[in-house]
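Peer 1: One-letter residues, chain by chain:
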Amino acid sequence: MSGAFRIPAAGRLKQAKTARFSFDGQSYAGVEGDTLASALLANGVHLVGRSFKYHRPRGVLSAGAEEPNALVQIVRDDARKTPNVRATVQELYDGLAANSQNRWPSLSFDVSAVNDLASPLFSAGFYYKTFMWPKAAWKSLYEPKIREAAGLGISPDRPDPDHYSSRYAHCDVLVLGGGAAGIAAALAAAETGVSVILADEQAKFGGSLRFESGAMIDGQDGFAWAQAAVAKLAAMGNVRVLSRTTAFGYYAQNFVGLVERVSDHLKAPGHDLPRERLWQVRAKRVMLASGAIERHMVFANNDRPGIMLAGAARTYLNQYGVAVGRNVGVYTANDSAYAAAIDLKKAGVNVAAIVDLRDNPTGPVIDEARALGIEINFGRAVIRAGGKLRVSSMTVQPKNGGGERTIPVDAILMSAGWTPSVHLFSQSRGKVAFNDETKRFVPGTYAQDCVSVGACNGTDGLSATLDEAYAAGAKAAKDAGAKDASTKTGKGAKPKVDASESWSRGMLGAAPGAGPDTTVKAFVDFQNDVTAKDIRQAVHEGMRSIEHVKRFTTNGMATDQGKTSNMHGLAIAAETLGKPIPEVGLTTFRAPYTPVTFGAIVSHARGPLFDPTRKTAIHPWAEAQGAVFEDVGQWKRAWYFPKAGEDMHKAVDRECVAVRNKAGLFDASTLGKIEVVGPDAAKFMELLYTNPWEKLEPGRCRYGIMLREDGFIYDDGVVGRLAPDRFHVTTTTGGAPRVMNHMEDYLQTEFPHLNVWLTSITEQWAVIAVQGPKSRDIIAPLVEGIDMSDEALPHMSVREGKICGVPTRLFRMSFTGERGFEVNVPADYGQAVWEALWAEGQKHGATAYGTESMHVLRAEKGYIIVGQDTDGTVTPNDAGLDWAVGKKKADFVGIRGLMRPDLVAKGRKQLVGLKTKDPKVVLEEGAQIVEDPKQPIPMKMIGHVTSSYWSENCGRSIALALVTGGRDRMGDTLYVPMPNGVIEVEVTGMVFFDETGGRLNG
Amino acid sequence: MLLIRCPYCEEERPELEFRNAGEAHIARSANMAGESDDDFEKFFFIRSNPKGIIYERWRHMHGCARFFNAVRDTVTDKFVMTYKAGEPKPSKLPKNSNEVVAK
Amino acid sequence: MAKAAAKTAATASSSAERRPALAGRSTSATGVKVEVLPPAERMSLRAPEASLAALSKALGVTLPKAPKTSASKAGRTALWLGPDEWLVIDEAGKDPLADCAGVSALHSSVGVSHRNIAISVAGPAAEAAINSGCPQDLSLVAFPVGAGSRTILGKVEIVLLRTAEDAFRVECWRSFSDYVFTFLSEGARDAAG
Amino acid sequence: MKKYSVFAIAREAMRGHKGWEEQWSSPEPKKEYDVIIVGAGGHGLATAYYLATEHGITNVAVLEKGWLGGGNTGRNTTIIRSNYLYDESAGIYDHALKLWDGLSQELNYNVMYSARGVMMLAHNVHDIQVLKRHVHANRLNGIDNEWLSPEQAKEFCPPLNISKEARYPVVGAALQRRGGTARHDAVAWGYARGASARGVHIIQNCEVTGVKRAANGAVMGVETSRGFIGAKKVGVVAAGHSSVIMNMAGVRMPLESYPLQALVSEPVKPVVPCVIMSNTVHAYISQSDKGELVIGAGTDQYVSYSQTGGLHILQHTLDAICEMFPIFTRMKMLRSWGGIVDVTPDRSPILAKTPVPGLYVNCGWGTGGFKATPGSGNVFAHTIARDDPHPINAPFTIERFRTGRLIDEAAAAAVAH
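Protein chains in written order, with our numbering: chain A, 51 to 1052; chain B, 19 to 121; chain C, 2 to 194; chain D, 4 to 420.
Check each hint, because a few of them may be wrong.
As the list claims (entries may be wrong) - Mimicking DSS-like on lysine-lysine, the simulated pairs with C-alpha atoms at most 30 Å apart in a straight line are:
{"#": "1", "chain 1": "D", "residue 1": "Lys356", "chain 2": "A", "residue 2": "Lys990"}
{"#": "2", "chain 1": "D", "residue 1": "Lys6", "chain 2": "D", "residue 2": "Lys33"}
{"#": "3", "chain 1": "A", "residue 1": "Lys939", "chain 2": "B", "residue 2": "Lys60"}
{"#": "4", "chain 1": "A", "residue 1": "Lys438", "chain 2": "D", "residue 2": "Lys293"}
{"#": "5", "chain 1": "D", "residue 1": "Lys293", "chain 2": "A", "residue 2": "Lys103"}
{"#": "6", "chain 1": "D", "residue 1": "Lys33", "chain 2": "D", "residue 2": "Lys235"}
{"#": "7", "chain 1": "D", "residue 1": "Lys5", "chain 2": "A", "residue 2": "Lys179"}
{"#": "8", "chain 1": "A", "residue 1": "Lys686", "chain 2": "A", "residue 2": "Lys700"}
{"#": "9", "chain 1": "A", "residue 1": "Lys745", "chain 2": "A", "residue 2": "Lys939"}
{"#": "10", "chain 1": "A", "residue 1": "Lys939", "chain 2": "A", "residue 2": "Lys733"}
{"#": "11", "chain 1": "A", "residue 1": "Lys395", "chain 2": "A", "residue 2": "Lys438"}
{"#": "12", "chain 1": "A", "residue 1": "Lys990", "chain 2": "A", "residue 2": "Lys970"}
{"#": "13", "chain 1": "D", "residue 1": "Lys21", "chain 2": "A", "residue 2": "Lys103"}
{"#": "14", "chain 1": "B", "residue 1": "Lys102", "chain 2": "C", "residue 2": "Lys66"}
{"#": "15", "chain 1": "A", "residue 1": "Lys282", "chain 2": "A", "residue 2": "Lys525"}
{"#": "16", "chain 1": "C", "residue 1": "Lys156", "chain 2": "B", "residue 2": "Lys96"}
{"#": "17", "chain 1": "A", "residue 1": "Lys103", "chain 2": "D", "residue 2": "Lys6"}
{"#": "18", "chain 1": "A", "residue 1": "Lys438", "chain 2": "D", "residue 2": "Lys272"}
{"#": "19", "chain 1": "D", "residue 1": "Lys356", "chain 2": "A", "residue 2": "Lys959"}
{"#": "20", "chain 1": "D", "residue 1": "Lys272", "chain 2": "A", "residue 2": "Lys103"}
{"#": "21", "chain 1": "A", "residue 1": "Lys733", "chain 2": "A", "residue 2": "Lys938"}
{"#": "22", "chain 1": "A", "residue 1": "Lys712", "chain 2": "A", "residue 2": "Lys893"}
{"#": "23", "chain 1": "A", "residue 1": "Lys629", "chain 2": "D", "residue 2": "Lys21"}
{"#": "24", "chain 1": "D", "residue 1": "Lys293", "chain 2": "A", "residue 2": "Lys195"}
{"#": "25", "chain 1": "A", "residue 1": "Lys967", "chain 2": "A", "residue 2": "Lys984"}
{"#": "26", "chain 1": "D", "residue 1": "Lys272", "chain 2": "D", "residue 2": "Lys167"}
{"#": "27", "chain 1": "A", "residue 1": "Lys970", "chain 2": "A", "residue 2": "Lys693"}
{"#": "28", "chain 1": "B", "residue 1": "Lys102", "chain 2": "A", "residue 2": "Lys334"}
{"#": "29", "chain 1": "B", "residue 1": "Lys60", "chain 2": "A", "residue 2": "Lys956"}
{"#": "30", "chain 1": "A", "residue 1": "Lys449", "chain 2": "A", "residue 2": "Lys396"}
{"#": "31", "chain 1": "D", "residue 1": "Lys167", "chain 2": "A", "residue 2": "Lys693"}
{"#": "32", "chain 1": "A", "residue 1": "Lys179", "chain 2": "D", "residue 2": "Lys101"}
{"#": "33", "chain 1": "D", "residue 1": "Lys215", "chain 2": "B", "residue 2": "Lys69"}
{"#": "34", "chain 1": "A", "residue 1": "Lys334", "chain 2": "A", "residue 2": "Lys533"}
{"#": "35", "chain 1": "A", "residue 1": "Lys911", "chain 2": "A", "residue 2": "Lys938"}
{"#": "36", "chain 1": "A", "residue 1": "Lys195", "chain 2": "D", "residue 2": "Lys272"}
{"#": "37", "chain 1": "A", "residue 1": "Lys185", "chain 2": "D", "residue 2": "Lys272"}
{"#": "38", "chain 1": "A", "residue 1": "Lys317", "chain 2": "D", "residue 2": "Lys272"}
Just so you know, the hints here were simulated from the structure itself, not pulled from any lab data.
When you get a sec, could you build the whole thing from the sequences and use the hints?
Peer 2: Rendered as structure tokens:
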């Protein structure tokens, strides 16, 4: 048995298997194909949640994505707890466990429901007017209490073991919504042969055909027709059918984001299945067939569990075979609720009465209801509902006042009319237009290549809908490039409507009994507890824009984003302002249409795919040696190579000493490398770097500085001239991509007349720096075809030849101040050549060193690191590199920027060395420098420490700093105030080791 | 994500392949060193930032790698046209463009 | 001292071992196999229109001039990457760089054999696997056999070449290969589902 | 202006909340005002408020093309902090922070300034260098900012992932405890109420279409969708539209306007106790009093006034959020939106007199203007009232781009080496 309220003869789940589930620990039976909501209702459970502010008991309002009340926490296991799941959307599976939210200690007895009693105090925006005294209490008392009370579900507290996937797709026609309109549109488009994607948020296609028992298409029941038509579409090679797939965002140029719920409905999803799949579809034409959403009636206590939308009750009956009560009342302002009453009555449910606001409506459904013996009350209003945890009665009164009559009921079905779902249309930047006759906003002006069909377009009736959708589908296909739509119709034919239902109209705003003269709680927005009087109050307080009303009352800002409440709120505001609805205007519809998991949006970009981890060819060797790595941009670089028992400082001290006394090997592969080739290569280099290049001889190298046009240092690196028309340029590791882009920009757009081309060769070459007095001895035995003598290969030169039998570009250069080389070899040979050099190095006492030692060694020599010793506000002169600026050059990028008044003014910050008075004290990088340490705060800071290290080679600490007028302060004493005392420093030159530079040839 | 027609690839490609490169038709002076401070400020800092039609540069970074120019409406983000680098600023825009024409 | 080192050493050993990234890695899912391809010779070629005839002749393959196309002959493929840019891939072990060395017509040829690695994605679900992270339209109409293009996969740049209706060659830079392989593996798993 | 208090609420509760007066009036525009402020966002309304309260200038109109507070004020992620590097920036942001503390009482409007702490994460050695430079500079400027170990960071924000296995592990953090958030709408409404009560006219649905200048070049007033309105002083505080208005006066600006997106999750019980920012993985997150995770995304790459942006921008943001907080993949994005931010070349604002007599501009706040609202309005009011900048905003001139005296906070964060 799957619930006492299951009607054996009704619904489409008759043969379905039983599925056990639990709610708040209580076990129930449902059937496969149920939603959690239908299964709960089948078991007579209406109380499923508590509202946000007043903690009022709430039941199921709807049967779809618009649900504001029935939000639950689904718990698959400890790591898979999902908050705020709409029970009306969650499909049942055997073993599903759900808990109610936002209540304590239990759903039926919630302590915070005291808020409801105090609700007169908690009027709209009350928090803006209080909690201000005493001042400190906001942070310590009020806010923590408010935060505790707020929120709905509970965030997961463990990493999510599920995975999510994504897919880009392109199609000619994308149809959003798989009701009658969407299916007809897809059929018409697909028959022309163009590519079609049809998506619907439900597990089953059909939209309102799921509950419209009166629809007959092509001789069969409407729902059956929908299933057959979708099966036919799915079998076509040019069509992709996506169920459980919600289009959540409509972006520029027909780019639509959809989420497919792949496995949340499965008892035990396979490991390979993603939980959800993000579809990002670019369509030539988009067809919006998103239907309409029923509105509730706004009357006192309209939120009591058991009160729901009439269409929802009908869906529960006709799709799921569930009666939402045994003795139901109906409150309506349009025809559609009659159909619900009729279906329920025919299924054996007692319909206590229909209360219709309208005075004397006529029509077949009314006649039929009357014929079935249902009591109908025209011109009357339900002025209040009775009951608390479940509705127990409805009190009826003539709408213009008069005697009250209370009718016992256990459910109320209500319908104020249907609101076209223009969300996606509006997201596409289309402008809606208000139809005064039907009181609906419908698509007006289109901004993209899309078209709306069916109920979302304000089209009423199945016949008209199918006509419109089928024609529009064919046209969309034609517009998207179908050969000739008319000749292809032989394949299929427009679906023929044999029987249909039709309704429109209804009412907006508060119903009689909840008008301006009352103080009843007639809810407009259920989840956020916004009542009609809250909206009126907002207007009285000067909120004249609907956006202000929305923000002040929070109407429409709950997890349902106002799908049922926006139009009512607008109507009440308009009435209070005394303005027509379109003048007050609609609030903006924003993506997403329904909430989308972060996981789906992130999809693959988690863990190893969050961001690429770049490793050099030599990385495996360093890893095997126990190197510690640091992140530099996306690269992992060997930071230091600790031996057993060494901490970072000991390892670095050892590495630094070894390099200066013997030799060291360093993996410099991450440095950016660009090959500049062409007859105008030197001319181009002249323009992009501050230095002169024309006269650099092939085989020689030069340290180059690149500026931005504003004159500030952008990048630097050693450049080797391989041939008159070929340069091998190196850049900083982090700068490689932007330097390449910068160079391409100038080459393509400012200097396109130059015959030169740029190729990134960063990853072509692994680079092994061999530095130290023994460096040549280590390399030489492995090299072929290169004269390694100082005469033939002086400092700052480059040769091509072979090493270990493979090609090399061998640079004689140094970033340590020692005799040094950088061995470039094709990347796949990098590790083998490194190993060969390492083996050779072992004969000479060489060490491997990492980036930290590299930093120390270069700082001992006063070599700068762009991005550390410079920060985007430093000129070559500031950095002491004026010598690298070609004074005779007529042009280079940055030449004019350098001349600006502030860049040539006195008192700029200049890079200098600092020595602490106590040589053992190592300054902190980023520490600030002052002249007078005794001044009060705020102090006048004149610079900061950019680089600072313990130098084992110097036997003391060393530092570089940017200091105002630094070069005029040589020998001065300055101060670095730290939290635990002031450090005295002396301003010095930037070279701390081997000032004459003799060791370059040592 | 925008869809951008690359004039070199001769087709529309997803924005992820492109990088915007700022306002177009701001020529770098042939005599850069001789520019005044005001001219340099105009060249490097001042931008039209139009609400309406913008002439801008893009690079098909992860496609053909070419820089090119585009005309786009900054209110709707719709492209009016794209054209190759070095081609003159169009004196007339195609008919489908917004009437908000740049000064 | 200088003298001692001046002479080229005789100990220069035989060729260093080549260790390509990801060598031998492959993964299969229903309908698609992702596999790292063996090393190949590669060259980035840049040239103006006027030089194309001479370069085509030297390379033995006609450099394509239409966007998003490629030309193949005898194990050598030239992909149009831009209006003056081609990626030449030789899987037959012949170095295109050497073939261009003697061409006097204006051009830039730069060896990038080790810069890239190639991954094959093959099977009926190959297109879907790549579309897990590539935003281009890869339908046969838009991206036919022989089509080649630089594009995006997830957060990195790739060069994509369709070698058959259900087979692609994905090229990426060496240090991105682990990311690309992992991405394609995830894409393949999902495309199979 | 009737005072708000818990007693007022109790009194109103007795009569169905029908006795509240309008928070601000909606008058018809007069022909002329002493000062016109273009733009009724937080900065513009604060300017009007301080003109009235500190300078006795109440014959002021604030013109707004839409609804007040509807621009970036109502669209931002409400992060408040003052731990900027340069003295100039620290000066103005800390001036603002001091005003935030006490603003609710000053305005008699609960703006919910919540000093829950702003924590900026370091993920590598370079980040440490940059953030420590900030910490030290802030300390000597008298601005609180302290260095935390990863463990201390996690203690302050328990859901933070500090695993060393993360792609970019957290290696430290800088925490400004006085930093936090405030309720954005309340800031606009509180200032509007305060200004309106003192006689300022807030005129909504009134779009400025031209700036009228006299023969001598001085400002005479503005053309609007509701006719010409005269004033000898006009302050432009139009955020993303500032350059559009300035162009009307013939002043070309060093500004570009970009889409900036943000999003919130569905509300959940308290889980993120502070504000977390990471420049390296590009993510900003806090949790609102309502329980929504409030997440700031990056800008799109192109100039746009569309107030929309690409899905891929949100993807990159959520990638980063889920990298820092792997527990959040099952959370859901509830709402996303876009604003238009005006960005200067050095990412610092312009808050100054202009070459046009009587015309003042307050713009270029980029992605971080909300935090400056009280301070910005306060010194801009001074600048307009005295026709002379306050010492705090004196460095934020237009001319700095010509001379090169930039206040380059972005450059100071530099780039990886």
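Peer 1: Return the numbers of the hints above that this structure violates; sort them in rising order.
Peer 2: none
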